[in-house]
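Enquirer: Listed here are the chains, written in short residue letters.
There are 2 protein chains.
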Amino acid sequence: MMQSENAVEDSLHIRKLEVTDKEKGFIELLRQLTVCDSVSDEKFKERFEEIAKYGDDHCICVIEDVRSGKIVATGSVFIEKKFVRNCGKAGHIEDVVVDSSARGMQLGKRIVEYLADHAHSMGCYKVILDCTEENRPFYEKCGFKKKEIQMVKYFV
Amino acid sequence: MMQSENAVEDSLHIRKLEVTDKEKGFIELLRQLTVCDSVSDEKFKERFEEIAKYGDDHCICVIEDVRSGKIVATGSVFIEKKFVRNCGKAGHIEDVVVDSSARGMQLGKRIVEYLADHAHSMGCYKVILDCTEENRPFYEKCGFKKKEIQMVKYFV
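Residue numbers (full-length UniProt numbering), protein chains in the order written: chain F, 1 to 156; chain Y, 1 to 156.
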């Protein structure tokens, strides 16, 4: 049993998003989070390259299950350059999702820690995110505390 | 009296941040919002240029009172490129502040509307921000609704 669990753990590789991840179910995974229509290969590549231009200022990470070749978790962080806090930087975590078939393996925690570590290594004084009250205990386990409220204005 | 009020209104110009705004009290204004140490001219210029590289993807707006030559309000918005929402974009409003001597003139509303309009014109499907419960009625007047909660992790 222990051996089998290790085998599962060993097959879950965390790394940055690659352009070939579209074929590995990346868009289908995002669909578990919010509205996400099918995206053409061309449009995916275009958006991938737009984000890649920001280099380490916009990092999307994924966990691939190398046994199935499927992306089973993802999240992103971008680095905002400010004038406040002595020209400080803030990390913004967005779009964290774990595949429904891969829950209970702490993959969400691995994603959030990877993104927070990235923000820290980029010199951010803080990293922030918005979530539902329901997900608050999860983020508290990741070392976050509730601060303010999120306001939104939709254009569509 | 009416003439005098118009004169005040006419002297409040809204525009994008310029590198010369440091001399016009931009940093002192930010200090009314949060921790903001004095910034050397060199460091200010460096950060200004780093942000300018993002072009319209990171817009800082200010209101200058041209009578006094002082910056009396500011706010920023940056455009996050996503894969969700059919490769959509989200605007993030940050660091909105109005000088304590210039409150009650709807300058905050002008700033927020300018930033939301910018996000809309950039093709964002939404614009979001975090604020205190105390500031919620102000943002509701600007057309925002409460959605989620903000979580934060500080590194310093």
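Hints in this document: simulated from the structure, not taken from any laboratory.
Mixed in with the good hints, there may be bad ones.
For chains that are exact copies, the list does not tell them apart, and a pair is met inside one copy or across any two.
[As the list claims (entries may be wrong)] Computed list of lysine-lysine pairs in DSSO-like fashion (alpha-carbon distance at most 27 Å, straight line):
(1) Lys126 - Lys81
(2) Lys53 - Lys89
(3) Lys45 - Lys141
(4) Lys126 - Lys145
(5) Lys81 - Lys22
Enquirer: Hint by hint, work out which the structure violates, then give me just those numbers in ascending order.
Expert: 3
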